[in-house]
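Visitor: Listed here are the chains, written in short residue letters.
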Amino acid sequence: KQEVTQIPAALSVPEGENLVLNCSFTDSAIYNLQWFRQDPGKGLTSLLLIQSSQREQTSGRLNASLDKSSGRSTLYIAASQPGDSATYLCAVKPLSQGGSEKLVFGKGTKLTVNP
Amino acid sequence: GAGVSQSPSNKVTEKGKDVELRCDPISGHTALYWYRQSLGQGLEFLIYFQGNSAPDKSGLPSDRFSAERTGGSVSTLTIQRTQQEDSAVYLCASSLVAGTFGETQYFGPGTRLLVL
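If you're matching them up, the sequences are chains A and B in order. Just so you know, we're using the numbering used here here: the first sequence kicks off at 203 and counts up by one. Just so you know, we're using the numbering used here here: the second sequence kicks off at 8 and counts up by one.
Don't read these hints as lab results, they were simulated from the structure. Mixed in with the good hints, there may be bad ones.
With a cut-off of at most 27 Å between alpha-carbon atoms, the simulated DSS-like pairs for lysine-lysine come out as follows [as the list claims (entries may be wrong)]: (1) A/LYS203 <-> A/LYS270; (2) A/LYS309 <-> B/LYS18; (3) A/LYS309 <-> A/LYS203; (4) B/LYS22 <-> A/LYS244.
Output of the computed footprint for chain B on chain A, the stretches with three or more beta carbons under 8 Å from beta carbons of chain B [unchecked claim]: (5) 242-248; (6) 269-280.
So the derived list for chain B, only partly shown, Cβ under 7 Å to chain A, looks like this [said to hold, decoys possible]: (7) LEU50; (8) PHE52; (9) TYR55; (10) ASN59; (11) PHE114; (12) GLY115; (13) PRO116.
Predicted model, so just to flag it, every value in this text is computed and none were measured. Backbone N, C-alpha and C define an ideal beta-carbon position, used for all residues, glycine too.
Could you build all of it, start to finish, from the sequences and the hints given here?
Guide: Written out as structure tokens, the structure is:
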């Protein structure tokens, strides 16, 4: 059974710092890995999606890497801003699901960027 | 067009009552998903629709939970005889085509259910 773990559970940093969020998964047989952002009381917003054949994806100040063989992904946020404060969720799409398309999520990292 | 919408945004009910949660996916999206997010827990998968059929219902916690989708569009998640442990945020997502490698799921804002 695929399990996704995110460390740390919470992180507080001063504005301007570069930071790394970690995600690990137990089964390397995945289609893709996705990073989402969740703001309080709101749904999820997709940030980056990395195919299993890819090593990284970049969008603005965000860079996500994937090491499928070791079951790890990192989300790097450069020059953090207070507006980056949110919960960041990592999710994988398992390869063998008998026709299902579900995502398996970690519990998230709650990020606070202090002005 | 508009994103995924869900109604109601908040629902308070008494233990033992039935509730219906509604999801309107993005127009043209054939795949629809329900997830549940309980306090302190990650998102857990409930059910997945491709068109009007549900190839994967494996996440439904008990037979009190059911879902349907009509016309390949709107979906309703029904919880019968609600229990306090059903209190959670219920999230719906849709994607354009299922079964592809890179299909992003777009999430609605969720329905926050509280069972007293």
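Visitor: Are the hints correct? Go through all of them and say.
Guide: A quick look at each hint next to the structure:
1. A/LYS203 <-> A/LYS270: 16 Å, holds
2. A/LYS309 <-> B/LYS18: Holds. A/LYS309 to B/LYS18 sits at ~24 Å (cutoff 27 Å).
3. A/LYS309 <-> A/LYS203: Holds, because 16 Å separates the two Cα atoms, which is no more than 27 Å.
4. B/LYS22 <-> A/LYS244: The hint holds at about 26 Å.
5. 242-248: holds (count 6)
6. 269-280: violated (count 0)
7. LEU50: This interface hint holds because 4 Å falls under the 7 Å limit.
8. PHE52: It holds, given that the least Cβ distance between B/PHE52 and chain A is near 4 Å, below 7 Å.
9. TYR55: 5 Å, holds
10. ASN59: With a closest approach of 15 Å, the B/ASN59 hint is violated.
11. PHE114: This hint holds: B/PHE114 lies near chain A, its Cβ roughly 4 Å from the closest one there, short of 7 Å.
12. GLY115: 5 Å, holds
13. PRO116: 5 Å, holds
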